[in-house]
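*Asks:* Each protein sequence line maps, in turn, to chains Y and G.
Position one of the first sequence corresponds to residue 0 (numbering that gives the first Met the number 0), numbered consecutively onward.
Position one of the second sequence corresponds to residue 0 (numbering that gives the first Met the number 0), numbered consecutively onward.
One should not assume that every hint holds.
[Unchecked claim] Cut-off 30 Å, straight-line C-alpha distance, at most; resulting in silico cross-link-like pairs (BS3-like, lysine-lysine):
| # | chain 1 | residue 1 | chain 2 | residue 2 |
| --- | --- | --- | --- | --- |
| 1 | G | Lys87 | Y | Lys56 |
| 2 | G | Lys62 | Y | Lys268 |
| 3 | Y | Lys239 | G | Lys99 |
In short, the hints are calculated from the structure, not lab data.
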Amino acid sequence: MGKFDPAPVRAQFPIFSAPLRPGVALHYLDNAATSQMPAVVMDAVRAHDATRRANVKRGVHTLAERATDAFEAARAKLARFLNAADPDEIVFTSGATGALNLAANSFGALLKAGDEVVLSVLEHHSNLVPWQMLRDRSGVVLRFLPATAEGHVDVGALGRTVTQRTKLIAVTHVSNVTGAITDVAAITRAAREVGARVLLDGSQRVSHGPVDVQTLGCDLYALSSHKMFGPNGVGALWGKAELLAQMPPFLGGGEMIRTVTLDRTTYAKPPHRFEAGTPPIAQAVGLGAAIDWMNTLDHGAVATHLGALTQRILKGLADLGGGNGRVRVVGPPGLHGRVPVVSFAVDGAHPHDICQMLDAHGVALRGGHHCAQPFMESCGLGGTTRASLAPYNDDGDVDALLNGLEDALAKLS
Amino acid sequence: MDSLYDKDLLRQAAKATGAGKLAAPQATLMLDNPLCGDRITVELSFDGEGPERRVREIGHTVKGCVLCQASASIIGQNAKGATAASLKTQQEHLSHMLKKQGPLPATAWPALTAFEPVADHKSRHNCVLLPFEAVIEAALS
Chain Y
0 MGKFDPAPVR AQFPIFSAPL RPGVALHYLD NAATSQMPAV VMDAVRAHDA TRRANVKRGV
60 HTLAERATDA FEAARAKLAR FLNAADPDEI VFTSGATGAL NLAANSFGAL LKAGDEVVLS
120 VLEHHSNLVP WQMLRDRSGV VLRFLPATAE GHVDVGALGR TVTQRTKLIA VTHVSNVTGA
180 ITDVAAITRA AREVGARVLL DGSQRVSHGP VDVQTLGCDL YALSSHKMFG PNGVGALWGK
240 AELLAQMPPF LGGGEMIRTV TLDRTTYAKP PHRFEAGTPP IAQAVGLGAA IDWMNTLDHG
300 AVATHLGALT QRILKGLADL GGGNGRVRVV GPPGLHGRVP VVSFAVDGAH PHDICQMLDA
360 HGVALRGGHH CAQPFMESCG LGGTTRASLA PYNDDGDVDA LLNGLEDALA KLS
Chain G
0 MDSLYDKDLL RQAAKATGAG KLAAPQATLM LDNPLCGDRI TVELSFDGEG PERRVREIGH
60 TVKGCVLCQA SASIIGQNAK GATAASLKTQ QEHLSHMLKK QGPLPATAWP ALTAFEPVAD
120 HKSRHNCVLL PFEAVIEAAL S
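With the hints as constraints, model all of the structure from the sequences given.
*Replies:* Encoded structure:
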């Protein structure tokens, strides 16, 4: 594993080729919301639309076959990225939210009143609201794992939360607020003991390298392209083939049918059963290109690099204001069990004010409840400020963050 | 494209061997190709019982493209005496040739070579495979 140099990576991202504003460089630290796209991904999307733009699956003309080939090649790339057993286990969706709504509606249709779904208080609203909607229409019972003081899903509570009625444990793989990595082994072990399935929201995990769904032992895995250097508008739900085969379709329309009469419809096999209508074709091709690009990285070296930057941020936050304790990190205090996402709260300073002031320094942060209001409530906070890193980030970005924070906190004292 | 519709394949479609209905079918199976709307109905009668029963008579009705018609016709020529398992084996030979562009083994029905040009046209693979899927499902029903 060599030392990682972010400069040549950064050079591949057009967004960094120009200042944010005259005289102000961009320090993009909002990667947990959306990562930037390298030129090769932009080129792949453009090349697809320039040379292969056509609808997929039904056409027999040359462009349609090329488009279908490219779309299915992207499915195969994502399958390899996740170590899925078969590309047909990959369902393309509009994003992670689309994937989680698909799961809640389709897997949810297999559940009956009184069945239990276990979530955690750390969930992004995308992995909470669809299940609440299911509960409201079907009588499914939702139970919640708490968070630990360090912002992990509290797997110690599994014993009193998972019951014989539990049919699914659906939790985040990595918290979008705290960056904490969930102990998936404990989750799957608890699920197997009662015959329940496991869904992981991988939105914040997939930007940090390949995932092995078979080793994780989960049944469903949701992800989003735009957080892994790919285009907006596409994501995926991976599911074990035998489970997808049991799940009814969610959306109806073209492409997902076997036979349609005025009276009834029979459905295609997965994944097409779940891909009603024209899918996000060029976006999926772009996601495939993003995976190709990610595969060029030495993820071990990247993790070491981003770990060092994370450590600098954590220390810098502790030292702010002369180490007066005004800044509180919401998440793991060190590097263990986390990805390079750091949330923090500042006494007497609203996250939006901090973010606005940091924007003047060219630093892009995210402030607010991060679509995780129940977790914020459990922390007694209205929101946090979040810095999230990607391989193109460097010491200059961390310097800008810490210097900007020093400046902002002085103004907001 | 001309090679896709060569005389051999067109001849197979025109033969329409096995086209029609059986007087007393023991199994009937209708299957659609969702991509293009091709529809085939297969009727079978059998000698014997259980998994080893063999096709005695086959009748098929195809509302589909020339490729689908040719495929059904070739099945009509070769299915008599076949078990569900042996039909499945032929489907696997054909699928391998189409999807992997591999050669047909010596045990494959010789007429399947008519579909070699289809391998380059992925969107048409299912047109050829639909009758096989239908006859296998019927044999297993």
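*Asks:* Now tell me, hint by hint, if it's right for this structure.
*Replies:* To see whether the hints hold, each was checked on the structure:
A distance of roughly 25 Å separates the Cα atoms of Lys87/G and Lys56/Y; the hinted pair therefore holds under the 30 Å criterion. Only pairs whose Cα atoms come within 30 Å are accepted, and Lys62/G paired with Lys268/Y is accepted, the gap being roughly 22 Å. For a cut-off of 30 Å, the pair hint linking Lys239/Y to Lys99/G stands: about 25 Å separates their Cα positions.
The structure shown violates none of the earlier numbered hints.
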